[in-house]
Every structure is written in structure tokens, then in C-alpha cells.
Amino acid sequence: MPPIVEIQNYTWRYLHADVPALQDINLTIEEGSFVGVIGPNGSGKTTLAYSLNGLIPGQYQGIKEGTVKIAGTEVESYRPGELPQMVGVVFSDPEAQFTAMTVEDELVFGMENLGLSIPEIRERLEWVTDLTQLKPLLEKPPYEISGGQKQRVALAAVLAMMPRVMVLDEPTSMLDPMSRKRVFDVLARLKRESHNTIIVIEHNLENLVPLADRMILLHNSRMALSDGTEAFFRQVDTLTEAGVYPPGGIAFFHALMKHGAFAGELPLTLDAAVARLEGLMSHE
Amino acid sequence: MNDTQPAAYISVQHMSYSYPDGTQALRDIDLKIDRGEFIALIGQNGSGKTTLSKCLNGLYKPSSGEVIVDGLDTRSTSIVQMVRRVGYVFQNPDHQLFSANVWDEIAYGPRNIQLPADEVRARVEEAAAIVGLTSDDYEEHPFFLTKGMRQRVAIASILALQPHAIIVDEPTTGQDIPQSLEIMNFLQRLHDEQGHIIIIVTHDMPIVARYAKRVVAMGQGQVLADGPTAEVFANTPALAQTFVEPPQITQLAQRAAHLGFDPRTLSVDELVQQYLALHDR
Numbered sequence: 001m002p003p004i005v006e007i008q009n010y011t012w013r014y015l016h017a018d019v020p021a022l023q024d025i026n027l028t029i030e031e032g033s034f035v036g037v038i039g040p041n042g043s044g045k046t047t048l049a050y051s052l053n054g055l056i057p058g059q060y061q062g063i064k065e066g067t068v069k070i071a072g073t074e075v076e077s078y079r080p081g082e083l084p085q086m087v088g089v090v091f092s093d094p095e096a097q098f099t100a101m102t103v104e105d106e107l108v109f110g111m112e113n114l115g116l117s118i119p120e121i122r123e124r125l126e127w128v129t130d131l132t133q134l135k136p137l138l139e140k141p142p143y144e145i146s147g148g149q150k151q152r153v154a155l156a157a158v159l160a161m162m163p164r165v166m167v168l169d170e171p172t173s174m175l176d177p178m179s180r181k182r183v184f185d186v187l188a189r190l191k192r193e194s195h196n197t198i199i200v201i202e203h204n205l206e207n208l209v210p211l212a213d214r215m216i217l218l219h220n221s222r223m224a225l226s227d228g229t230e231a232f233f234r235q236v237d238t239l240t241e242a243g244v245y246p247p248g249g250i251a252f253f254h255a256l257m258k259h260g261a262f263a264g265e266l267p268l269t270l271d272a273a274v275a276r277l278e279g280l281m282s283h284e
Numbered sequence: 001m002n003d004t005q006p007a008a009y010i011s012v013q014h015m016s017y018s019y020p021d022g023t024q025a026l027r028d029i030d031l032k033i034d035r036g037e038f039i040a041l042i043g044q045n046g047s048g049k050t051t052l053s054k055c056l057n058g059l060y061k062p063s064s065g066e067v068i069v070d071g072l073d074t075r076s077t078s079i080v081q082m083v084r085r086v087g088y089v090f091q092n093p094d095h096q097l098f099s100a101n102v103w104d105e106i107a108y109g110p111r112n113i114q115l116p117a118d119e120v121r122a123r124v125e126e127a128a129a130i131v132g133l134t135s136d137d138y139e140e141h142p143f144f145l146t147k148g149m150r151q152r153v154a155i156a157s158i159l160a161l162q163p164h165a166i167i168v169d170e171p172t173t174g175q176d177i178p179q180s181l182e183i184m185n186f187l188q189r190l191h192d193e194q195g196h197i198i199i200i201v202t203h204d205m206p207i208v209a210r211y212a213k214r215v216v217a218m219g220q221g222q223v224l225a226d227g228p229t230a231e232v233f234a235n236t237p238a239l240a241q242t243f244v245e246p247p248q249i250t251q252l253a254q255r256a257a258h259l260g261f262d263p264r265t266l267s268v269d270e271l272v273q274q275y276l277a278l279h280d281r
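If you read the protein sequences in the order shown, they are chains A and B.
Once you know that position 143 of the first sequence is 143 in my numbering, the rest is easy, because the numbers rise by one and skip nothing.
Once you know that position 186 of the second sequence is 186 in my numbering, the rest is easy, because the numbers rise by one and skip nothing.
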């Protein structure tokens with residue numbers, strides 16, 4: 001079976017731009033993996049999201065080199081309406097994608113467009129509202145709910161289409177800490193319970209790192225780093241150069257490594273960091 | 001003023017605020033802010049942070065109790081007097097910028113308080129220079145600037161009014177880390193070199209740990225905790241009510257306190273030094 005995402009020698013330059021937004025990207029993502037994408041603003045992260053769901057080259061003018069394949073087929077070769085069933089994108093500003101007068105209509109809209117039967121729509125609606133805990137809000141207008149709730153509606157609307165790849169572009173950048181945690185709780189459950197491929201673009205690493213199987217760093221339009229999450233954070237010099245700061249637990253153990261005081265695996269969660277620190281202290 | 005103690009620059013006493021529809025947003029707030037402070041106002045959305053900010057600059061008047069700024073009661077002080085004392089920078093600079101070029105944007109405030117033309121010019125040039133804008137930028141349309149630059153224009157337009165205290169609502173939201181640090185280092189310089197009181201309203205706890213000396217934690221319209229940053233982060237019961245978690249490095253130190261680590265740790269370097277000291281013993 002071909003990989004779910006296969007990008008080869010891919011360069012994209014927006015019309016009238018002096019430099020490419022993405023350059024020489026080679027990336028293969030296996031189905032079912034959870035991938036974190038980080039990098040400074042302007043490094044090409046959103047362009048990558050647009051390239052996966054066909055907005056590029058479909059809706060934008062520019063110059064493309066190389067290929068972007070989803071499940072073995074180039075994005076340009078999908079018939080209209082087919083690619084959204086393969087790749088769904090959730091943006092940081094959910095209001096930009098709302099069209100309906102109630103949360104329920106918002107969730108049903110995409111499914112109706114897919115031509116699903118009413119029983120199928122009911123079943124999926126039940127599933128996504130349970131997963132995202134939106135049941136009490138179904139009758140509400142999307143513009144009357146909080147920012148965190150809006151983001152869960154946007155996520156649910158895309159999930160209801162059951163795309164094989166979900167791309168979330170800074171889904172929590174406008175949210176407060178509790179709403180942010182609830183969005184990541186949904187992603188954690190999705191990772192456990194589904195076989196979706198999940199690609200999350202984020203600046204906020206503390207929630208992302210414990211879930212990510214693998215991390216990608218975009219810097220100056222290029223893929224500066226791509227590795228399993230633990231190996232990724234060992235390369236602190238490359239990360240620092242790109243202005244990426246690992247979560248405190250990782251940064252602490254990396255600093256201990258530099259002092260020659262630690263040599264094991266970097267802890268990716270707070271619990272792991274506490275356990276490792278207790279282990280280190282009890283050896284003395 | 002006969003007190004031997006200098007009065008606080010901003011003094012909030014038993015202040016409550018209700019919106020016109022009757023919703024009570026703030027309940028019985030007591031807060032004193034002195035000259036030279038660098039404060040972070042934290043709490044969930046809806047906890048009252050922004051409402052409190054707008055009470056501090058006189059945009060909202062207390063429903064009961066009082067807010068005294070530089071000796072003036074905000075209820076009886078004109079907005080022209082207030083904007084010279086407390087400036088408020090919106091979270092989204094686009095909610096604040098409306099002029100066709102950078103110069104007019106920064107000059108709007110000084111003109112509006114009817115300063116003479118040469119004073120307006122001097123204030124704009126000074127404010128622009130402080131935020132790192134040059135005369136090349138004066139004719140730019142704010143719409144064509146980057147978000148970071150638009151935020152600088154927004155801050156410059158507040159600085160041109162020369163307020164003593166500057167409140168910045170979510171300075172780092174939507175910014176990447178280098179941009180966040182640039183804005184925060186800039187606010188730090190305003191604080192250190194120009195002596196401004198800086199109040200940031202934020203959800204970004206690593207930023208709080210790094211820059212703020214004092215934290216005011218809000219929840220349900222009340223102040224739940226108020227004190228030095230490390231102490232508020234260590235006040236676990238109060239913090240739990242705000243649903244805010246300290247930075248991961250602080251949580252690690254707190255959970256390793258039984259091993260001899262300081263639960264008031266704020267940085268990776270501090271924790272490394274503690275580890276090495278414990279190790280040497």
C-alpha cells in the first residue's frame with residue numbers, strides 16, 4: 001500500500017513572490033501516524049497544509065515543482081469533491097469556515113454535501129458530538145459560543161467527513177489554556193480510537209509533544225529537521241537556531257546531558273520527567 | 001498627601017463592575033500597583049482580566065468602589081486625562097489601527113488631546129523611535145505591515161500619549177517564539193529604561209515566568225491570588241481555580257520538591273543549578 005502522504009522534490013512559489021514558500025520538500029507519512037509540524041511564522045507551515053488538501057495548486061496561482069501524492073495519487077488528479085474526503089483541514093480561525101445558523105447544521109452541512117444517507121449522517125453526528133463533547137451546544141448558533149467551543153465545532157465538522165488525513169493549522173493559538181487542553185484531549189482520543197493520520201501545526205509544544213510520533217521543523221521554507229519525537233529534540237542546536245524552545249522537562253534533561261550528568265532518553269511528558277529525575281536522585 | 005509612604009500609582013478599592021445588562025463581571029477587587037512594577041494578569045477567558053484592564057484606564061467606570069490613578073478618581077476624570085496615565089494596547093492590533101499611514105496612526109492620540117503641532121511631531125518621532133520604526137515607515141499603510149510591525153505601531157500610538165502605565169492585552173497570541181520574545185524584550189526595555197509600569201494580560205505562562213515580577217490571577221471576576229510570580233505559581237489551590245498551569249519546568253520542580261528542589265523555580269537554568277548543587281553534596 002502506498003504511504004498516505006508522499007511529497008517528492010516539492011517546491012512551491014506563490015505568483016509574484018520572490019522566493020519559494022516551500023523548497024525541496026521530501027516527506028513520507030505512514031497512515032495512522034501523529035505528526036507535529038513546527039517552525040517560525042513564515043516558514044511555510046500553512047503552505048504545507050494547503051498543499052495537502054489541494055488548495056495549492058487549485059485555488060492559488062504559483063509555480064509548482066515536484067509531486068504531492070495522497071494515498072498514491074497526485075492531488076491534481078483527484079476528481080472535484082474527492083480530495084476533501086481524503087484530507088480535512090482545521091484552521092486557527094474557525095469562524096472563517098462557519099456557514100450555518102446552528103452547530104448541528106454546521107456539522108451536517110459537509111456530510112450532506114458528500115451525499116451521505118440520513119441514517120449515516122445521524123450515526124456520524126452522534127460519534128463526533130460525543131468525541132468533541134458538543135451535545136449540549138447543538139441547537140446554539142456558532143457565533144454565540146466561546147472560542148474554545150468554536151474550535152471544537154470546526155474540528156467536529158471536519159471529522160464528520162471522516163477524512164483519512166486531518167491537518168490542524170495552529171488549532172489552539174487563539175485559545176486559553178483550558179480550551180487548549182480540551183482540543184488536545186480530543187486529539188488524544190482520536191489517536192487512540194481511530195486510524196486517522198493526524199498532522200498538527202503548532203507553536204505550543206507542551207500539549208503536542210506527548211502525542212506526536214514524529215516531529216518536523218520547517219525553517220526558511222525548507223524541511224530543516226524530521227525525526228522521531230525523542231531524536232528530534234536531541235538536536236537542540238538546530239531547533240534553537242530556528243527559535244524553537246523544547247518544553248521545560250526536555251530542556252532540563254538536555255542541559256544535564258551537556259553537563260555530563262545524564263545520558264538516557266529525553267522525557268517527552270511531565271510524568272516521565274518526574275520519574276527520570278527521581279531515578280537520577282535515587283542512584284546517588 | 002500626608003502619608004510617609006508614597007501612594008500607589010493605581011489603587012483599586014472594593015471595586016465591582018456590572019455590565020449594562022446586569023451581568024456582574026468583577027466583584028470586590030482590591031489591588032495596588034506601584035511605580036516600576038511589571039505585572040502579569042492571568043486567568044481563563046471570561047475571568048474578568050480584560051474588564052479589569054478597562055477599569056484601570058477609565059474606559060469602564062466602577063459600579064461600586066473606586067479606582068484611583070495617580071491621585072485621580074476614574075469616575076470624575078476625563079478620558080483625556082486618563083489616556084495620559086494608563087494606555088491600553090488591544091490584543092489584535094487590527095482592532096485599534098484605522099489610519100491610512102503609520103504617521104497619522106501614531107499622531108491620532110496626541111492630536112486628539114489637542115497638543116500643539118510641534119509637540120505632536122516630537123511625540124510621534126519619539127514613540128516611533130522607541131518601537132524601532134524609522135521615517136521610512138511613516139508613509140506605510142499599516143495594513144501592509146507584518147503582524148509584529150502592526151503591534152509596534154499600536155504600541156507606539158499608545159506611547160505617544162506618554163502614559164505612565166501600559167497594559168498590553170495578549171502581546172504574544174498568534175506570534176511565534178522569536179516574535180514573542182522580541183515584543184516582550186521591547187516591553188522589558190520600556191520598563192527598565194523608561195520606567196513605565198507594564199501590565200501584560202496573557203495565557204502564556206513561560207512568558208510570565210520569564211518577564212513578570214508579580215502575578216495577579218483572576219477567576220470568576222475576583223482576584224484569586226496576587227504576589228511574586230514564583231509564589232503565585234506555587235499556590236496550587238488558587239491556581240487550580242484559575243485552570244492555569246505553571247510552566248512545565250516549574251511543575252517539574254514542584255513535583256520533585258521532596259527530593260530537595262525549590263518549588264518556586266522559574267527557569268531551566270535554576271533547576272540545573274539546583275541539581276548540580278544537590279549532586280555535589
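Do not take every clue at face value.
What the hints assert, rightly or not - Within a straight-line C-alpha distance of at most 30 Å, the following computed DSSO-like cross-link-like pairs (lysine-lysine) qualify:
id, chain 1, residue 1, chain 2, residue 2
1, B, LYS54, A, LYS181
2, B, LYS213, B, LYS147
3, B, LYS213, A, LYS181
Claimed, not checked - So, partial list: chain A residues that the calculated Cβ filter (under 7 Å) puts toward chain B:
id, residue
4, SER173
5, HIS203
6, TYR245
7, ALA255
8, ALA272
9, VAL274
10, ALA275
Unchecked claim - Simulated restraints on C-beta separations:
id, chain 1, residue 1, chain 2, residue 2, range
11, A, GLU126, B, GLU231, 44 to 52 Å
12, B, ASP73, A, LYS135, 33 to 41 Å
13, B, ASP30, A, TYR143, 54 to 62 Å
14, B, GLN273, A, LYS135, 48 to 56 Å
15, A, SER282, B, TYR19, 24 to 32 Å
16, A, THR102, B, LEU276, 55 to 63 Å
17, B, HIS95, A, LYS135, 29 to 37 Å
FYI, nobody ran anything at the bench for these hints, they're computed from the structure.
Heads up, the beta-carbon is just placed ideally off N, CA and C, and yes, glycines get one too.
Outcome of the hint check:
1. B:LYS54 with A:LYS181: It holds: about 28 Å lies between the C-alpha atoms, which stays within 30 Å.
2. B:LYS213 with B:LYS147: Since the Cα atoms of LYS213 (chain B) and LYS147 (chain B) sit roughly 27 Å apart, the hinted pair holds (cutoff 30 Å).
3. B:LYS213 with A:LYS181: holds (26 Å)
4. SER173: holds (5 Å)
5. HIS203: holds (5 Å)
6. TYR245: holds (6 Å)
7. ALA255: holds (5 Å)
8. ALA272: Because about 10 Å separates ALA272 (chain A) from the closest Cβ in chain B, which is outside the 7 Å limit, the hint is violated.
9. VAL274: holds (5 Å)
10. ALA275: With Cβ-Cβ at 10 Å, over 7 Å, it is violated.
11. A:GLU126 with B:GLU231: 44 to 52 Å: Taking Cβ atoms as reference, GLU126 (chain A) and GLU231 (chain B) lie about 47 Å apart, which means the hint holds.
12. B:ASP73 with A:LYS135: 33 to 41 Å: violated (48 Å)
13. B:ASP30 with A:TYR143: 54 to 62 Å: Distance hint for ASP30 (chain B), TYR143 (chain A) is violated at roughly 36 Å.
14. B:GLN273 with A:LYS135: 48 to 56 Å: Because 50 Å falls inside the window, the suggested range holds.
15. A:SER282 with B:TYR19: 24 to 32 Å: violated (55 Å)
16. A:THR102 with B:LEU276: 55 to 63 Å: holds (59 Å)
17. B:HIS95 with A:LYS135: 29 to 37 Å: holds (33 Å)
Checked against the numbered hints given earlier, this structure breaks hints 8, 10, 12, 13 and 15; the rest are met.
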